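The residues making up each chain are set out below.
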Amino acid sequence: MEVLILAVLVGLAIAAVRVRDLLTATAILGAYSLMMALLWCTMNALDVGFTEAAVGAGISTVLMLAAIGRIGRREGGPSRMPLLRLPLLSMRQRVERAEELEEGQGRAGAWGAVLVCALVGGLLLYGTADMPRVGRQDSPANRKDDPATPANEASISQRYLDESPHDVGPNNVVTSVLGDYRGYDTMGETCVIFTAALCVLMLLRQAMPRTGGRRRRDGDA
Amino acid sequence: MRDLLQHLWTHYHYVIYIALMLIGLYAVLAKGNLVKKVIGLNLLQTAVFLFYLSIGHKTGGTVPVLWEGKPDAIPYENPLPHVLMLTAIVVGVSITAVALALIVRIKAAYGTVEEGEILALDEADGQGGS
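Just so you know, the sequences run in chain order A and B.
Per numbering that gives the first Met the number 0, residue 0 is the first one in the first sequence, and the count goes up by one each step.
Per numbering that gives the first Met the number 0, residue 0 is the first one in the second sequence, and the count goes up by one each step.
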């Protein structure tokens with residue numbers, strides 16, 4: 000079952016990268032996120048699976064669709080409307096130059112990327128030599144006691160599981176850790192979301208008048 | 000060589016995680032379209048989340064929600080990677096949102112979201128100015 004989902008994930012990832020139509024790529028990315036959420040639920044990570052299904056497959060896809068609605072869905076075939084404002088000769092030169100440059104760079108860039116990916120992949124595979132098999136209950140992250148301490152105290156994960164009913168309350172340990180033990184993490188995360196929202200607002204407020212928002216307001220007045 | 004193959008066979012999970020990560024990395028590096036780069040970034044970070052969750056996975060375990068009368072033979076899943084990845088997913092969506100907003104601005108300013116054309120336009124502008 001797990002192997003099947005992993006195979007589907009690899010297929011979807013390749014399809015999302017290869018397909019030329021951005022709208023299709025976004026749809027495939029949504030399917031990929033949903034598949035990933037399913038995999039995480041089979042791995043007993045329910046909270047993460049639900050969040051990925053709602054945020055990764057839901058909100059990300061909506062954001063992508065909104066952006067693609069503004070910039071067009073074709074990859075490699077951009078609309079050249081704004082260039083029409085430039086003098087005609089300059090436009091032709093610029094477009095030709097852009098096409099030349101992209102063809103040359105595209106091919107060289109692809110081979111460079113393959114080289115970098117092979118290098119990174121080789122190093123990562125080498126790094127798995129020291130990793131325990133997935134799913135072992137006595138792996139360093141999962142073992143109940145901490146061998147680094149002289150008294151073999153409980154590891155941090157085991158402590159969360161043992162103590163959270165008395166320390167915090169909820170039966171869901173993930174909730175306890177997220178909201179209490181690691182509450183500062185969650186506060187930092189909220190600050191990141193706030194900053195991101197501010198950035199998006201500042202960036203898009205300048206782009207607004209071009210989309211006809213102001214015109215509509217003038218018409219109302 | 001035989002050891003290597005056997006290692007890859009027993010650790011096939013990691014091979015697939017790395018493959019997923021590299022697909023995303025390739026899209027970020029090689030694709031000229033900026034939206035495609037964002038899609039690649041999403042693939043890459045999801046693969047990293049998957050790897051991180053696999054560290055805390057226990058075969059035959061159960062969801063880390065405490066319940067009375069659980070048999071001792073069934074362990075609870077390690078809750079710590081779950082919490083860290085919950086935070087990371089939300090941060091990832093924030094990154095996607097800011098990246099897409101920047102791309103919309105680039106489209107408004109340059110009229111294209113292809114990396115090569117943007118660089119060419121910049122170069123042409125630089126030559127015209129000097």
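Hints should not be assumed to be uniformly reliable.
Unchecked claim - If you want the footprint, here are the derived chain B segments under chain A, 3+ residues with CB under 8 Å: (1) 34-43; (2) 66-77; (3) 93-105.
Claimed, not checked - Short derived list, chain A residues pointing at chain B, Cβ under 8 Å: (4) D20; (5) N43; (6) D46; (7) E51; (8) T60; (9) L62; (10) E74; (11) A109; (12) V115; (13) A128; (14) G134; (15) P164; (16) G168; (17) V176; (18) M186; (19) C190.
Unchecked claim - Simulated coverage check for chain B against chain A, where a stretch passes if three residues somewhere in it have a Cβ under 8 Å from a Cβ of chain A: (20) 0-10; (21) 18-29; (22) 50-63; (23) 80-90.
Note that these hints are calculated values from the structure, not bench results.
Nothing here was measured: the structure is a model prediction, and the numbers come from that model.
Idealized CB from N, CA, C, for every residue including glycine.
Violated constraints from the hint list, given by number and in increasing order: 4, 8, 16, 18, 19
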